[in-house]
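Student: Going down the list, the protein sequences come from chains A and B. First residue of the first sequence: 1, per this note's numbering; consecutive thereafter. First residue of the second sequence: 1, per this note's numbering; consecutive thereafter.
Incorrect hints may appear among the rest.
Only part of the chain B face toward chain A is listed, based on derived beta-carbon distances under 10 Å [said to hold, decoys possible]: (1) Pro76; (2) Leu93; (3) Tyr125; (4) Leu127; (5) Gly133; (6) Val142.
Don't read these hints as lab results, they were simulated from the structure. Backbone N, C-alpha and C define an ideal beta-carbon position, used for all residues, glycine too.
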Amino acid sequence: MKIYLSQDAVARALGADEVAAELARHDVELIRVGSRGMTWLEPLAEVEIDGVRHAFGPVTVSDVPALLAGTLDGHGPTEEIPFFANQTRLTFQRCGVIDPLDLDAYRAHGGLTGLERALDMDGLGVVEEAKASGLRGRGGAGFPTGIKWETVAKAEADQKYIVCNADEGDSGTFADRMIMEGDPFSLIEGMAIAGVGVGATKGYVYLRSEYPDAIRVMKAAVEVARANGLLGASLLGKGPAFDMEIRVGAGAYVCGEETSLLNSLEGKRGVVRAKPPLPALEGFLGKPTVVNNVISLATIPVIFEKGAAHYANFGLGRSKGTIPLQIAGNVKYGGLYEIAFGLPLGEIVNDIAGGTRSGQPVKAVQVGGPLGAYFAPHQFDTPFGYEEFDGAGGLIGHAGLTVFDDTADMLGMARFAMEFCAVESCGKCTPCRIGAVRGVETIDRIAAGDMAAKELLTDLCETMTDGSLCALGGFTPYPVMSAMTLFPEDFAGAREAAE
Amino acid sequence: MQANSPASAPDLGAIQEVIEAYTHLEGPLLPILHAMMEAFDHVPEDAVQPIADALNIGRAEVHGVISFYHDFRTLPAGRHIVKICRAEACQALGANGLADAVLTRLGTSWHGTTPNGAVTIEPVYCLGLCANGPAAMIGDKVVGALDEAKLERVISEAGA
Ligand SMILES: Cc1cc2nc3c(=O)[nH]c(=O)nc-3n(C[C@H](O)[C@H](O)[C@H](O)COP(=O)(O)O)c2cc1C
Ligand code: SF4
Ligand code: FES
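Using the sequences and the hints, build the whole thing.
Tutor: Listed below in structure tokens is the structure:
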């Protein structure tokens, strides 16, 4: 009997290892895989029946006898579950399917085809292919990846670097974590292709310390890649040199900002650097450096495998390709959902996520992490795309969606946004460092019934927007102002009476 | 673990050994500080000068880096560190009430250690389990779908 069991952090956090230990006491072929992304089913076990994987979950230790006897109620073939079947899985094509550290399985499922193709091109060709795909940075800013690479490719230097931003600090996001735990070779391959494109021979993954499972899998994957000649003195034994290291962050949200990240990687305080110079020209240790998000880089292999045009065919307007939505918070069906850009927000929240887990009405959705705006149900027709969300007064960020039911206290959420900014500020600019502290105080005044403080809060937010060097101070006004504008009843003071 | 007890101040030889394992790296300071945490559960004051010497930087710079990052501490914590997620997606699933209840029961506050020295409670902002919260982390182990009973069980298993 062949059983696939998720070893993603979500599955392990919900008891997958205990299930694995129980299964190991029986005569089964157990393969630990990444997550299929349907996290409400974790720990998910898949039993192969006539060559088709059938889903069972959430599975507990006490379910094991029934699972083995074939009497446990399941969900049918995994890939026919609507949440899964309706996706377009490009970046995540192998996640949850293969043993993450099995390089042969990786190859058998399309892996390394992209790198092979890139090695037949020159650097310029690689950069052109990235440009043609229309891929934009998935870390939040949405800058075209190919154009960033072109700048680094054209810079003259004795050493260039590929730095992968795996700091994934945004609440409501976990796509980076899932791909690193479930298909780490896709990130390694993407970084190698980037290296070929720009002429970099060394890569770093800056991975947050809050992700111990991802750190373990990535470190092991680099070892496997090195031992098999994928990485090293010559990529796949025929390309240029490229090797990489996994570096661990130290619990600072701001280190996800690319220049702060570079300082941190150099062993300094994670203070944001003024731009220019661009990291593309003067990045890690002053050398030309590509800084890209995990998903940007892990999407490169499929672009090179299937061709830029195939990828660019998906999407909406200037938001090309697919986006791994991360559906989080108070939802019935949460997890990772990869789909072409363009789905209306309401369809994601109501149809795909099935509304709230609590069964209460949806009150608000925060899109794009702690610096993203709140959306109310009347804005649910907004299509998921960079320009579309910008036009609606928000941002898609790293594509996390956090759903709140009608018990949410939006003044409390606005206060939290300011508090978070104060805790995580790198301290370089006053509007952020001091403004966020004032923001908390001002919101407390509103809560106490001082309605004049609302105007103060608005002014403060304008100061933060205008006077901050990076998006931590600059975008914290998004959640604060959207909460106050969309939910004035939560900012009406005398809160005890209302509750 | 012996290294936890403040009585066993790490000796300079052990500190030097940790440092030397990383000096060949580009940007070795964070790896060194992580290794100090791993070996001694804090960055001992006695390590600051040797680190500064090895990397050819000032003591103040080393102190500045240690103090910038939430992960590094200069004094030993409780025997176990429990990090409870305070971020938005966990709040949407009741993390605030959960944390309040647990802190009250343990008689401590954020960053505080239980009176018996067993557990230090730290806030954390997202563990990437945002569809399966509330979430927490005990040492290197993550747990999700917490309610008060489950979190208290996890914490008491840690010895509080
Ligand atoms: C406060 C702050 C935090 C950020 N956190 C992250 C992060 O965790 N991961 C990430 O990829 N980008 C993050 N970014 C964006 C990066 O600065 C940068 O735009 C990105 O790494 C570029 O890669 P991309 O073009 O592939 O998106 C953050 C930006 C700011 C201002
Ligand atoms: S906005 Fe805040 S985090 Fe960003 S550079 Fe200024 S002080 Fe640092
Ligand atoms: S918000 Fe708590 S795990 Fe992400």
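Student: Output the numbers, in ascending order, of every earlier hint that fails for this structure.
Tutor: Checked against the structure, the only hint that fails is number 1, while the rest are satisfied.
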